[in-house]
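Q: Sequence:
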Amino acid sequence: MIRNLDLDLIRSFAAVADLGSISAAARKVGRSQSAVSLQMDRLAEAVGFSLLERRGRAVSPTPRGAAFLEDARRLLDLNDRILTQHVHGAFAQPLRLGFVQDVGEQVLQRILYRLSASFPQAPITVRVCTTTHMLDMLRAEELDVAVGFRSESELPASLLLRESMVWIAARQLRLDREAPVPLVLFEHPCSCRTAAIAALNAAGRPFRIAFTSPSLPGLMAAVGAGMGVTVRSPRALRPDLAVVADLDRAALPDMEFLLYTRPGVRPPALQKVEEVLQEELRREHPLYAVA
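Its first residue numbered 14, the sequence shown is counted upward by one per residue in our numbering.
Bear in mind the hints are in silico, worked out from the structure with no lab data behind them.
Remember, it's a predicted structure, so these values are computed and weren't measured experimentally.
Do not rely on the hints blindly, as some may be mistaken.
[To be verified] What follows is a set of in silico ranges between Cβ atoms, one per label pair, in the way DEER data are often shown:
no., residue 1, residue 2, range
1, R40, A80, 24 to 30 Å
2, R163, P136, 27 to 33 Å
3, S63, R184, 36 to 42 Å
4, P136, N92, 22 to 28 Å
Where a beta carbon is used, it is the ideal one built from N, C-alpha and C, also for glycine.
Just need the whole structure built from these sequences, with the hints factored in.
A: Following this line, the structure appears as C-alpha cells:
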C-alpha cells in the first residue's frame, strides 16, 4: 500500500532538529507545544522508528532521525520549489547574499545547493567580506540578506548561533611566559582582534602583532605555520591546531552570528532564503574557511 508523508509533520520535525527545542519549534511553525509534540509522535509512527531523543534539556535527532532529516530537507525544498515555480510564480530576481569568512565553504556550498534548487531562475551573487562592509551594502540596498558577527546597527537582525571564542595555535607552538604573546589577527576592524587584545590587556599579558591578513585562509595558514596565536571559534580547529591552554586566564567573550536583513517588506522568496540560512548555520557540522 502506498503511503504519503505529511509535509507539515516533516516541517515541524526539521524545526525541532534545528532549534533543539519543541517549544521553540512550536513558535516557529505557529503551533502549540503540545501540538508539535503530537506531530512528532505521529511522524515517528508513520516512519516506524524513533526520530528524537532528549539530551539534558535539549532535544536532538536520533542517529536514524538525523539520516532521515537529510532527505526530509530535500523533500521540503522540492515542495517549496514547486510552489514557487508553478503556484506562486517563478522568482527570477537576483538574490544578493553576504557572509563573513567564518561561515565556511562547506556551509556555503550547502546553502547555495538548496537555493539554486529552490530558485533555479534567480541569479545569485555572494559577497564574502567584513560585517561592517556588509551592513553598509545592506543600507545601500546592494545586498538582500547577510550573515555576520554582532555589531551595533539599526538594521533588522536575529541571532543565528552563539559560540565561544578560543585561543588557537599550531600544536607544536610553545609560548614563552616571559615573552610577549605573538598574535595572528585580521586587519582592523575585527571582533576577534578586539577581543584578543582586550583579553590580554585585562590579564596583564604582553603581546605583539606577528601577522595580519584580510583573508581567513591566509590567517589560518600563518597559524598552522606556527607564527603565533589567533582567536576564532572552535569551528576553525584542524588536526594540526589546538586550543592554547596557557592563555586560559585571558578570558574571551562569545562569538555571535547574526542574520541581517534590509528594512521593509520581505517577499516570500527572501523569507525562504532566510529560512535556509538559519537552518544551515545552526546545523552541527564543522565549518571551514571560505576561499
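Q: Hints the structure violates: just list their numbers, smallest first.
A: Result: no hint breaks.
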